[in-house]
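Undergrad: The primary structure of each chain is shown beneath.
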Amino acid sequence: MSDVNMQPTQPEGIIQMDGVHKWYGQFHVLKDINMNVQQGERIVLCGPSGSGKSTTIRCLNRLEEHQQGRILVDGTELTHDLKQIEAVRREVGMVFQHFNLFPHLTVLQNCTLSPMWVRKTPRREAEEMAMHYLERVRIPEQAHKFPGQLSGGQQQRVAIARALCMQPKIMLFDEPTSALDPEMVKEVLDTMIGLAEDGMTMLCVTHEMGFARTVANRVIFMDRGEIVEEAEPNKFFSNPENERTQLFLSQILH
Amino acid sequence: MQTHTFKPDMPPPKQAIGVLAWLRENLFSGLFNSLLTLFALYLLWLIVPPLINWAIINADWVGTTRADCTSEGACWVFIQQRFGQFMYGFYPSELRWRVDLTVILAIVGAAPLFIDAMPRKARYGIAFLVVYPLLAYWLLHGGFLGLDLVPTSQWGGLTLTLVIAAVGIAGALPLGIMLALGRRSDMPAIRVICVTFIEFWRGVPLITVLFMSSVMLPLFLPEGMNFDKLVRALIGVILFQSAYVAEVVRGGLQAIPKGQYEAAAAMGLGYWRMMGLVILPQALKMVIPGIVNTFIALFKDTSLVIIIGLFDLLNSIKQATTDPAWLGMATEGYVFAALVFWIFCFGMSRYSMHLERKLDTGHKR
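Read top to bottom, the protein sequences are chains B and P. Read in order, the letters of the first sequence are residues 1 to 254 in our numbering. Read in order, the letters of the second sequence are residues 1 to 365 in our numbering.
Rather than coming from a laboratory, the hints here were simulated on the basis of the structure. A couple of the hints might just be wrong.
When the alpha-carbon atoms are kept at most 25 Å apart in a straight line, the in silico DSS-like pairs for lysine-lysine are as follows [claimed, not checked]:
hint, chain 1, residue 1, chain 2, residue 2
1, B, K145, P, K258
2, P, K300, P, K258
3, P, K285, P, K121
4, P, K285, P, K358
5, B, K145, B, K186
6, B, K120, B, K83
7, P, K300, B, K145
8, P, K358, P, K121
9, P, K121, B, K145
10, P, K300, P, K229
11, B, K83, P, K258
12, B, K145, P, K358
13, B, K169, B, K120
14, B, K169, B, K83
15, P, K121, B, K120
16, P, K300, P, K285
17, P, K121, P, K229
Throw the hints in and build the complete structure from the sequences for me.
TA: Below you can see the structure in the form of structure tokens.
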């Protein structure tokens, strides 16, 4: 920490967002987002739809571009430099609402694609690692099927395994259970809880408040592109400070 | 606590089966359908028996000259006698083995690509695509490494048709894919170039392209600089067809959900790997019917080279029918041409259907 320009108030985290703004045309989607995430922290982002929570985490691997402010991921700043962007993406895994598995590849091939082509892992080694993570999400027997032959919950678990195969330092979850049938939500959440127990740095956009309560170190509530409230889960659920947060919680916790 | 007992699965109820039931359901299900069926049968009765009479029963199959055709039907002796010319054009007869060898090598060389269990298939495929064209050029054209030169002006018949179609397809597919990617590029300069290129070549008829390449291009080129007429025609065909392929492929690219691009990008794949490993395999699979449609059109359009005086299959046949020794053989000649074109086009169509089935991984639900 010899850099004199570094702000002394916050310790340097694995993710740092300083004054991040973003616009879609005229629409101001992200307003002055500041976030500092330490290694091993589990953050849950919640808020009404259109509040900018997905956009926020999508900025972290540059699926969305921010127009103002600074984003540092694992010490690398996200700029227009493609090399930097690809370096960040190697270290950040992402799980999507609609799984986004590659339908033309088998489950195993989905998992080995990136390790083999981006990390240049030899095929055999990549396959062993893929099987290891498929076992971890408890579907090794599906390895040679195509994604279209699996249930939604199984597909999402494959998507988690696929992201883990790159051995990322950070995992981003963008509403991972929102597109699932109710019966399949639990199997995905259990996988995510297992991941959290192993100390993975996780940022989850989710409406699963039970998950937030058990797993999160911090809950961040967003509305209209701003971070409205940020607290550890016990305080967040039992004693929210902000009026907007109280309203939101009263609407989703029946 | 109660335990629910699920009912066992039962077979579906028996439908009426048998020939009569099938006929009633499909051909005579109502008054209108019955009339249509009878009308169709009447049409078949008008067309099919005379055709069979002409083409098979009353036809002459053996002989050597026009005089051997004595019956009323088709004179297939003509096709038999001129078969060599239809297949090879003016290719010197003592060197025709080189054409045969080129075709045999294509079949033998490509065969492993159709075996599913073949190891290192991609590597073999690339090697084949690099080595075979050179080998084919050496065999067909020659002029070096101990083979006599056969100038392209002597190429003709089905050989020439296949050369134009194969080179056209092999050139138009990669170029068309690149144009489609370029048209969807984030870089405005590349996008404008690709759009202009595609719209230009789609906007002119192939005949014009061939005519320009053969007649007008030499006027613009400096004195003494001239390249082969066939090469010019091939470049024209490739550029023209690539514009069509590009639009078909673009349709496929547009049908790929945004999530596929995002997932590939989030995994750290760069542009070319994303396209080559994730997007194009899905997009191309989706547009197989459209691509094959374009290739079938390309195959048939090869016969337009007649306009610049190349003797492809159709032109060879046309020329043979003007031979005074074989006057009046136009029908036989064109029926034969139609049959050959149909066999190749139908083959492509069936192969594309097979490919679609094979590549279907069941994600369409």
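Undergrad: Give a verdict on every hint.
TA: Quick rundown of the hints versus the structure:
Annotation: proposed proximity of B:K145 to P:K258 holds, straight-line Cα distance about 23 Å (limit 25 Å). Restraint check for P:K300 and P:K258: not satisfied, since their Cα atoms lie roughly 37 Å apart, outside the 25 Å limit. For the hint linking P:K285 to P:K121, the alpha-carbon distance of about 18 Å falls within 25 Å, and the restraint holds. Restraint check for P:K285 and P:K358: satisfied, since their Cα atoms lie roughly 10 Å apart, inside the 25 Å limit.
For the hint pairing B:K145 with B:K186, the CA-to-CA distance comes to about 22 Å; that is within 25 Å, so the pair holds. Restraint check for B:K120 and B:K83: the C-alpha separation of about 16 Å stays at or below 25 Å, so the hint holds. Between P:K300 and B:K145, the direct Cα distance comes to roughly 41 Å. Violation of the 25 Å bound is thereby established for this hinted pair. Distance check on the hinted pair: P:K358 and P:K121 sit about 16 Å apart at the alpha-carbon level, within 25 Å; holds.
As the CA atoms of P:K121 and B:K145 are separated by approximately 21 Å, the hinted pair is consistent with the 25 Å bound. For the hint linking P:K300 to P:K229, the alpha-carbon distance of about 20 Å falls within 25 Å, and the restraint holds. For the proposed pair B:K83 and P:K258, the alpha carbon gap of about 22 Å is at most 25 Å, so the pair holds. The suggested pairing of B:K145 with P:K358 holds, with an alpha-carbon distance near 15 Å, which does not exceed 25 Å.
Under the criterion of a C-alpha separation no larger than 25 Å, the hint pairing B:K169 with B:K120 is consistent with the structure, at around 18 Å. About 18 Å separates the Cα atoms of B:K169 and B:K83, which keeps this hinted pair within 25 Å; it holds. Using a Cα cut-off of 25 Å, the hinted pair P:K121 and B:K120 holds, with the two alpha carbons roughly 20 Å apart. Of the pairs offered as hints, the one joining P:K300 and P:K285 holds, with about 23 Å between alpha carbons and a cut-off of 25 Å not exceeded.
Restraint check for P:K121 and P:K229: not satisfied, since their Cα atoms lie roughly 36 Å apart, outside the 25 Å limit.
The structure fails hints 2, 7, 17 (numbered hints given earlier, in ascending order).
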